[in-house]
Structures are given as C-alpha cells and as structure tokens.
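2 protein chains.
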Amino acid sequence: MKSLGIEQDKWWRAPCALPWRVTLTVGAHMNQSAKNQTVKVQTAITPTREQNYSEWYQQVVKAADLAENSAVRGCMVIKPWGYAIWENIQRTLDKMFKVTGHKNAYFPLFIPLSFLEKEAAHVDGFAKECAVVTHHRLQMKDGKLVPTGKLDEPLIVRPTSETIIGASFAKWVESYRDLPLLINQWANVVRWEMRTRLFLRTTEFLWQEGHTAHATEAEAREETMKMLEVYADFAENWMAMPVIKGRKTDGERFPGAVDTFSIESMMQDRKALQAGTSHFLGQNFAKASEIKFLDQAGQLQHAWTTSWGVSTRLVGGLIMTHADDDGLIVPPRLAPTHFVILPITPKPETQDAVLEACHKLAARLSEISYAGRTIEVEVDTRDLRGGDKMWSWVKKGAPVRIEVGPRDLEQGVVSLSRRDRGVKEKESMTPDALVAGAVKLLEEIQSGMLAKAKAFRDANTKTIDDPKEFREFFTPKTAESENSPTEIHGGFASCRFAMDADAEAKLKNELGVTVRVVPMDDAKDPGPCILTGKPAERRVVFAKSY
Amino acid sequence: MKSLGIEQDKWWRAPCALPWRVTLTVGAHMNQSAKNQTVKVQTAITPTREQNYSEWYQQVVKAADLAENSAVRGCMVIKPWGYAIWENIQRTLDKMFKVTGHKNAYFPLFIPLSFLEKEAAHVDGFAKECAVVTHHRLQMKDGKLVPTGKLDEPLIVRPTSETIIGASFAKWVESYRDLPLLINQWANVVRWEMRTRLFLRTTEFLWQEGHTAHATEAEAREETMKMLEVYADFAENWMAMPVIKGRKTDGERFPGAVDTFSIESMMQDRKALQAGTSHFLGQNFAKASEIKFLDQAGQLQHAWTTSWGVSTRLVGGLIMTHADDDGLIVPPRLAPTHFVILPITPKPETQDAVLEACHKLAARLSEISYAGRTIEVEVDTRDLRGGDKMWSWVKKGAPVRIEVGPRDLEQGVVSLSRRDRGVKEKESMTPDALVAGAVKLLEEIQSGMLAKAKAFRDANTKTIDDPKEFREFFTPKTAESENSPTEIHGGFASCRFAMDADAEAKLKNELGVTVRVVPMDDAKDPGPCILTGKPAERRVVFAKSY
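If you read the sequences in order, they're chains A and B.
Residue 388 in the numbering used here is what sits at position 370 of the first sequence, and the numbering runs on without skipping anything.
Residue 478 in the numbering used here is what sits at position 460 of the second sequence, and the numbering runs on without skipping anything.
Any given hint could turn out to be false.
Unchecked claim - Think about it this way: if two alpha-carbon atoms lie no more than 20 Å apart in a straight line, the pair counts; the simulated SDA-like pairs of lysine to any residue are:
#	chain 1	residue 1	chain 2	residue 2
1	B	444	B	457
2	A	162	B	168
3	A	168	B	177
4	B	524	B	490
5	B	159	A	189
6	B	263	B	472
7	A	189	B	477
Hints listed in this document are in silico derivations from the structure and should not be mistaken for laboratory results.
Owing to the predicted nature of the structure, the values given are computational and were not obtained by experimental measurement.
Please work from the sequences and hints to get the whole structure.
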C-alpha cells in the first residue's frame with residue numbers, strides 16, 4: 019500500500035478514528051469532489067473489519083484455513099494450519115510449565131454426577147451447560163438405533179476437572195512431604211454453550227488445566243500469581259498480545275474459587291478478551307474432595323489448591339489482535355511456517371534452476387535455530403496460479419514470503435515481502451543477506467506486532483472520572499459507512515470503582531459493560547466511584563467483552 | 019545377583035523353562051536336600067511373574083507409579099511417570115508422521131448417531147460399547163440433580179473417528195489436486211469395555227488416528243503399508259519391542275475395513291499383544307461419507323481411504339515386554355529420566371560437596387544430545403531413606419542410577435548401576451568417563467533390551483505341522499509352584515492355515531487361540547492346513563492374545 023502513499027499499517031496511531039479506514043489525502047490541485055473521498059482498496063477479506071467485524075472474523079478463520087464448524091452443534095473442526103498454531107502454543111506453554119516444576123498427567127473424561135455435587139458453587143456454575151452420558155450401548159429397535167444400557171449414575175463430560183482430579187489428589191497426598199503437588203493436564207472439555215463462535219466459544223474446546231495442592235495458603239497464593247505471570251509472559255512475548263493482569267470482581271469469579279485472576283487483552287473492535295485465568299481455590303475443593311495431609315506437627319489439615327487454564331480461545335485472541343483486512347498475521351514465534359518460498363517459473367527451461375535455488379535456500383534457512391525450534395520453511399510448488407498462491411499465504415499470515423524467479427536468479431537476488439507490511443511491498447536481497455538476517459527479521463516482525471497492538475490498546479484506553487463521559491465512552495457510535503453492523507465504542511475505561519456488585523450488575527444490563535479486572539500493577543488512587551460516587555480505593559478496567 | 023553366581027538376566031536363554039525362575043546350581047559337596055533347591059530371591063514386586071502374571075502386571079504399574087484406576091468405571095488416571103512415557107511415544111511418532119507428510123488436525127469428540135449408521139459393518143462393531151450423550155444440562159429436582167435438556171439426536175462419544183472425519187473430508191476434497199489428504203489426530207476415545215485392565219484395555223484411552231484419502235487404490239494400499247512400517251520401526255527401534263507385521267484374517271478385521279494389518283508382539287507370558295493397526299478401507303467409508311473427487315479426466319470418483327492407530331496400550335506392551343520382578347525397565351530412548359543421581363550424604367559436613375558434585379555431573383550430562391532430545395537427569399534430593407530412594411528408581415525403571423558419596427568424591431569416581439543388570443551390580447568410573455560414554459551406554463542398554471526380547475520371542479516360537487503337537491503347545495501347563503494362577507503355554511506357533519473362518523472360530527472357542535497375523539515378510543510355504551488338513555498356501559502366527 020506504500021505505493022499509494024498510504025500508511026495503512028499505521029492506522030492504529032490515530033486513536034479515535036476507525037482503525038481500518040483508509041483515507042487518501044489528496045492534494046490541493048484536485049477538485050473538491052475528490053477531496054476527502056474514501057478510496058476503496060481491494061482487500062482479501064470481505065467484509066472488512068469496518069463493514070462487519072463479526073463476519074470479518076469468520077471470514078479470516080475461513081480464508082486462513084484455521085477451522086470450520088462441524089455437523090455437531092457448537093463443535094469445531096480445527097484444520098491443519100489452525101492446529102499447528104495451537105501445537106506451537108502448547109509446546110511453548112508446556113516448557114514454561116515444566117520449568118516452573120509442573121508435571122503432566124491425564125485424568126478421566128467423565129465425572130460422576132455425585133462428584134460435581136460436592137462443591138455447591140461449582141455445580142451451580144456448570145450444571146446448566148454440560149453433556150450428560152446416560153447410556154453405554156446402542157440397540158436396533160424397529161429398524162432404528164436407540165440408546166440402551168442405562169447407567170446407574172449419569173456421567174458428565176468434564177467441563178473442568180477440579181472434582182475428578184481432587185479425587186486423585188486425595189489419594190496421593192498423605193503428608194506435607196507429598197506437597198506441593200504440581201500437575202497439569204492437556205485435554206478436551208465440553209461446555210454446552212448456546213451461542214458459539216469458532217475458537218472463542220465452542221461446545222468442545224482444547225485446553226490445559228493446571229491443578230496444584232499446597233501446605234499453606236501463602237504457597238497456594240504464590241502459585242496462583244506465578245502462573246498468571248507465566249500466562250502474561252506467554253501472551254506478550256509469544257503471541258505479541260499485550261495483556262492486563264488483575265483480579266476479577268465477585269461476579270466474574272470461577273464457580274467455587276476464592277479469588278480469580280485473569281489476563282485481559284483488547285481486540286481490534288476494542289472489546290476485551292479474557293485470555294487466561296488463574297484461580298486461588300482456598301480450601302473449598304480440598305474440603306469437597308477430602309485432600310488432607312499430616313503437617314510437620316503431626317496435625318491433619320486440608321490442603322490449599324489452585325487451578326489455572328488457557329484454551330484454544332487463545333487462537334481467537336491471536337486472530338483478533340493481529341489479523342487485518344487481508345487475513346491473518348501470525349506472530350513469528352508461533353508461526354507454523356516462517357518463510358514461504360514461491361518459485362516463479364514462467365518458462366519451462368528455467369524451472370529446474372529456479373526450483374533448485376528455492377530448495378537450496380530452504381535448506382539453509384531450515385538449519386537456523388529460532389524460538390526454541392528451527393526456522394520452518396515451505397517451498398510452495400503447488401499447481402496453482404502465482405497470484406492465488408501468493409494470496410493464500412497472505413491470508414494464512416505466514417510472516418515472510420520469498421519470491422524466486424529467473425530474473426532474480428540472474429541478478430543473484432531474491433525478493434522478500436513481510437506480512438506485517440503492505441502486500442505489494444517488496445525488497446530485493448542476496449540469499450546470503452537473507453540467511454544472515456533471518457532471525458533478526460523475524461524478531462523485528464514479532465516486536466513490531468507487539469508494539470502495534472500495545473499502541474492500539476493504549477490509544478483506546480481512557481482514564482475517566484466523569485460518569486457522563488463514561489456513558490458516552492461506551493455508547494456505540496454507528497460506523498461511518500451505512501448499514502454497517504459493526505458497533506464502535508471507546509474501548510477500555512480506567513475508572514475508580516467501589517466494588518458494588520449491584521451497581522456492576524446494573525451496568526452490565528444497561529450497557530453490556532463489566533469490570534474486566536482490578537489491575538495488579540497499578541498503585542492505589544482513591545476517589546469517588548464512577549458508578550455510585552462512594553469512596554473507592556483504586557481504578558479498575560471497565561470494558562465490553564467476549 | 020551376579021554376586022550369587024546367578025545370571026538372572028539370562029533366563030530368557032532357556033527356551034522352555036519358566037523364564038523367571040531362579041535356580042541355584044549347587045556344588046557336589048552340598049547335601050542332597052539342598053541340591054536343585056529353589057532359592058527365594060527377594061524381589062521388589064509381589065507376586066512375581068511366575069506366581070501370578072496378571073497380578074504382577076498390576077503391581078508393576080503401581081510400583082512404577084504409572085497409572086491407577088479412577089472412580090469412573092474402566093477409566094484410568096495416567097500418573098506423571100506413565101504420562102511422560104506416553105509423551106515420549108507421542109513426540110517420536112508425531113515426528114515420524116510429519117516426515118511422511120501427515121499433518122495434525124482435530125475433530126469433534128461427539129458423533130451424531132446418524133453418522134455412525136452410515137457404514138453398516140462399522141456400526142455393528144461399535145454399537146455394543148459406546149458412551150451415549152442424551153442430555154445437555156442438569157437440574158435440581160426434589161433435592162437431586164437429574165439430567166434434563168434432552169437432545170433431539172443422541173451423540174456418541176467417539177470410539178474411532180472414521181465417520182466424523184469422513185464428513186470433513188467430503189467437504190475438503192473436490193478434485194484430484196486435493197489428494198492425497200494426509201491427516202492425523204491425537205485424541206481420547208471411548209469404548210465401553212466390560213473387562214478393563216490399566217493401559218491394555220480401558221474405557222477411555224488416548225491414541226492417535228491417521229486418516230488419509232487417495233485418488234487410487236494402489237496409493238491407498240501403499241499408504242496402509244507405509245504406516246504399518248512406521249509402527250514396526252517405532253516398536254522395534256524405540257520401544258525395543260520386536261514385532262511381526264502381517265495381515266489380519268477376516269474375523270479379526272476392523273469393522274468396515276477391506277483389509278486390516280497389524281504389528282503383533284510377544285509378551286512375557288507368551289501371549290500376543292496387537293500393538294498397532296493399519297487399515298485399508300477401500301471405498302467403503304468414502305461411499306458412506308460421500309468423499310468424491312473429479313479425476314484428471316473430469317470424472318467424479320469416490321476416494322480410497324485408510325486409517326491407522328496406536329494407543330496408550332503401547333505402554334502396557336512396553337511393561338509386559340521389559341519389566342521384571344523388580345519392576346519396570348524403560349527403554350532409554352523413551353525414558354522420561356535417563357540418569358538418576360542419588361547423593362549419599364551420611365554426614366552433614368560432606369553434604370554440600372556431595373550435592374555440588376551431583377549437580378555438576380547432572381549439568382554436564384544434560385547438555386548431551388540423545389534420541390532427538392537431550393539426556394534427562396534427575397538429582398534425587400528427596401527426604402527419604404537411601405534404600406527406599408534407590409528402590410523407587412529400580413521400580414520405575416530409570417535406565418541408569420548413579421550414586422555419589424563422600425568416599426567416591428575422595429577417589430574422584432562415581433558408582434553406576436544399570437537397570438538392565440542385577441540391582442546390586444555396581445561399576446566405579448570417573449565422571450569424565452561417564453560423560454564421555456553416556457550415549458554409548460544408553461544405546462547399549464537399548465539394543466540389549468531389543469535383543470533380549472527378540473531372543474525370548476524366538477525361543478518361544480515354534481514351527482508346528484502336527485495337529486497333536488499344536489494342541490499340546492497351547493494346552494496350559496500348571497506353573498511349578500503350587501496355587502499359581504499363571505498359565506504357561508507354548509507361545510507363538512507358525513503353522514499352515516487354509517483361511518477357514520469356521521475352523522478359526524472353533525479354535526478360538528476351544529483353546530482361546532486365534533490367528534494373530536499372516537506375516538508379510540514370509541515366503542509361501544504350501545502344505546496341509548494345521549486345522550483342517552486342506553491345502554494351505556502359507557504359514558500364519560497362531561497365539562493366545564490380549
């Protein structure tokens with residue numbers, strides 16, 4: 019887009035404008051009617067973010083070949099490119115969990131009804147949305163297959179595993195010597211959601227759930243915060259997704275927890291996404307599951323437990339943080355493929371030489387270590403038109419595309435395009451220079467993506483003390499184009515709040531706004547509550563959310 | 019055990035003796051009553067393999083802390099040491115699948131009843147043992163939580179995914195250009211088994227299932243065999259578990275397949291374990307799921323599909339191939355920990371120096387590459403008696419134990435014990451020599467384990483042409499000790515078979531013996547069928563099995 023003189027990738031610098039509107043600044047010599055006219059730039063994704071944000075999201079998922087809806091209500095199929103991103107998320111987090119002393123294990127998919135009932139708040143939270151197994155065989159009756167073999171006790175497909183893992187912990191823990199118990203599970207879980215959206219909210223999803231037991235409250239609280247830090251570190255340094263860490267208010271707490279903490283990130287429609295949670299469970303679940311230990315003084319005590327999780331929802335967050343109107347942009351550290359090499363072979367007689375050069379370059383790049391693995395390269399030799407091929411990788415969001423054609427070969431160069439720049443921007447360089455600078459280039463793209471996302475969030479976060487301004491901030495403005503269902507509002511509001519649950523519930527009803535977190539890193543800042551005027555100790559983040 | 023002059027680890031050399039009996043050869047100067055007397059050797063596992071093979075297996079699983087039964091019928095909890103072995107199996111196979119061009123994806127846990135019905139043989143095979151979800155919420159009624167929200171169509175928890183993946187393939191495949199489609203899924207599956215045993219047969223288990231679609235029968239058949247070879251390669255070179263590759267008879271075929279191939283391994287009770295299967299599905303599932311493509315001539319055709327899988331059952335196979343009466347022995351290439359360093363700290367004043375030496379050695383070993391990762395070392399500083407600590411690692415089967423005490427430190431040596439040798443056997447060496455020879459040592463243990471298992475299998479495999487001898491071979495002999503429920507029979511019988519399904523079914527009823535495979539690597543060897551006397555073309559492997 020640079021060729022048009024439009025800095026499309028700098029839209030986030032304009033805090034209040036719609037981020038994705040491309041306006042051509044025309045010179046004074048042009049006639050009035052052309053002035054301030056919006057130039058329609060052809061994009062790979064229809065509709066654009068501006069036109070219909072929600073539909074844009076679905077189209078990016080489709081165009082990048084990440085996932086699709088299945089025949090089973092609310093369950094998605096994660097396609098290879100989407101699953102490869104999840105595998106990279108998994109591998110990275112798994113290492114971080116192991117470095118912090120956790121071990122993986124696996125617990126049953128099914129939870130007996132009686133287990134779920136043990137923790138009252140917990141069952142309240144999950145009873146309304148769980149898949150129930152009631153039979154264990156099928157039988158042909160009147161030419162129709164029907165369930166038979168009724169179970170004495172129905173089984174719930176796990177929506178989360180506190181109760182079933184608690185039953186094991188109760189067996190494993192006898193004395194203080196068995197503590198802390200630091201376990202993680204990678205698994206699928208099921209929550210019967212009524213409204214689903216690929217990656218963001220699905221009936222079945224993949225996740226990890228950490229479950230730990232400790233001898234003291236202090237240790238369990240320390241663990242809760244440590245894992246929140248791990249999530250924040252991962253989100254910022256691997257996903258290039260800036261997050262705010264903080265505590266949830268009572269209304270947003272995990273069912274059964276004493277304290278829930280989360281990382282919250284701003285999406286491009288300025289709504290918040292809860293990207294990961296870490297719960298301090300106190301002794302609630304230890305009491306429900308009878309996790310007891312003999313302390314050093316020989317006294318029998320209930321353990322203190324925590325749980326923490328992130329899910330395939332992170333892929334949704336990655337998309338909504340980085341994708342643009344041409345499709346996905348994958349942060350290099352999590353990209354399944356870093357460099358895509360596109361052979362340009364217009365003439366059969368130069369084809370072999372071009373392909374050889376491509377594979378040679380791929381081999382050299384593949385030897386380079388990057389982000390805990392080696393650089394992943396794909397030479398795309400598919401039988402497809404060059405333009406379609408190039409665009410397929412733009413839409414998938416591979417960080418770097420390299421074109422190699424006969425003319426490049428003659429000149430001893432290759433042509434490089436970065437996904438974080440305009441699609442038509444190209445740079446020529448020698449293969450040696452490319453190989454030598456490959457890691458630096460990927461890290462530059464990675465840090466650029468984080469900086470861009472951070473600037474967007476900061477530009478759309480406002481400190482507000484005036485209740486009227488607060489209401490205006492969250493009142494949707496109709497998008498500039500007509501018939502656009504995309505609602506634009508202010509973003510994150512940093513306001514004082516007196517932790518009044520009723521006022522919070524009322525706000526949610528009226529404006530669809532909730533307290534996302536009470537940020538941990540902020541100092542106290544006493545003053546009147548934005549909702550009630552009562553004295554408040556600190557500021558919280560108000561936002562609309564997914 | 020060498021100190022007793024008993025070569026305990028050579029029991030497998032005696033083809034017909036019970037493998038695990040330890041007999042002391044006494045000199046002529048001893049009195050008659052002591053001669054040929056069985057010496058009771060203290061073992062870590064009670065009962066021994068000889069005393070009660072089935073119970074020995076459960077006790078090894080427990081002593082090695084691999085898994086345990088859960089409160090949910092037939093579902094197991096895989097504990098950290100067991101799960102770490104599975105993770106190593108997973109990582110290794112995943113690489114092998116990717117090298118052969120497969121990509122991972124993820125499909126729904128639930129299968130609509132109507133999908134399962136599409137393939138008649140398939141539904142017959144799985145209808146009797148599947149978990150059925152009929153409701154999607156719970157409600158309090160008379161103080162009791164009951165299922166509510168009945169589903170219009172019941173959902174089956176996947177016992178295998180041919181039908182649900184087929185629905186996606188039908189969408190993904192349009193032309194020959196979309197083929198071959200080479201997909202793998204790592205997932206949990208559920209089969210409502212009546213009799214379960216940890217790892218070997220559980221209601222829920224973890225597995226991978228490869229699903230591929232091809233344009234031609236030849237290509238699909240090639241894929242089927244290629245993946246069988248991958249499994250055989252993995253079993254022999256990573257699990258140190260020798261296998262026989264071959265085709266299943268009609269009676270043992272996967273429900274819906276045209277041809278099923280498997281790898282079969284001999285366990286220490288001489289029974290066969292089917293360790294992996296690869297199915298050529300012909301066009302059966304492509305027709306059921308409407309997987310169609312336009313070929314190069316513009317004709318609409320049904321694709322040819324395959325599926326192949328291995329599961330956590332492999333961990334059971336690993337145990338029954340290698341464990342002894344002291345517990346598990348993990349093949350080094352799959353071991354979660356290769357070297358366990360045990361600090362001997364009898365006196366507080368030498369403790370720091372000993373621990374420092376241990377951690378220094380651990381750091382050096384940890385830098386060495388081995389089997390696609392680095393050597394894993396654990397310095398065991400647990401607050402436990404030295405003997406308990408050492409035995410815990412013997413039972414877990416860590417390949418090498420290193421003891422470092424104050425006296426070793428003075429002499430500049432460490433003391434090394436191999437799990438594949440007698441528990442009391444020790445070797446002194448300098449840390450330098452240990453580090454320099456670490457990889458060689460691990461590979462020596464690995465290849466020794468394969469050789470031992472192969473020798474055991476060969477010693478218990480017999481070519482039989484006489485029907486009477488065949489019956490005797492499979493007739494259980496009571497173990498030498500009284501009251502032993504362990505039945506010992508001959509093992510694998512290589513016999514000619516005329517593929518008579520009735521005779522095979524009768525044999526299964528009478529002796530519990532089936533045709534495990536028609537080996538692929540054997541030449542034709544015509545002669546009379548061992549069961550019917552009719553002309554047969556080749557030999558098959560008859561065995562009892564898990």
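A quick look at each hint next to the structure:
1. For the suggested pair residue 444 of chain B and residue 457 of chain B, the alpha carbons sit about 18 Å apart, so the restraint of at most 20 Å is met.
2. The hinted pair formed by residue 162 of chain A and residue 168 of chain B meets the criterion: a straight-line CA distance of about 18 Å does not exceed 20 Å.
3. Of the supplied pair hints, the one linking residue 168 of chain A and residue 177 of chain B holds, its CA atoms being roughly 18 Å apart against a limit of 20 Å.
4. This hinted pair checks out: residue 524 of chain B and residue 490 of chain B have alpha carbons roughly 17 Å apart, not beyond 20 Å.
5. A C-alpha spacing of about 32 Å is found between residue 159 of chain B and residue 189 of chain A, which places the hinted pair above 20 Å, so the restraint is violated.
6. Proposed proximity of residue 263 of chain B and residue 472 of chain B is supported: the alpha carbons are some 14 Å apart, at most 20 Å.
7. Of the supplied pair hints, the one linking residue 189 of chain A and residue 477 of chain B is violated, its CA atoms being roughly 42 Å apart against a limit of 20 Å.
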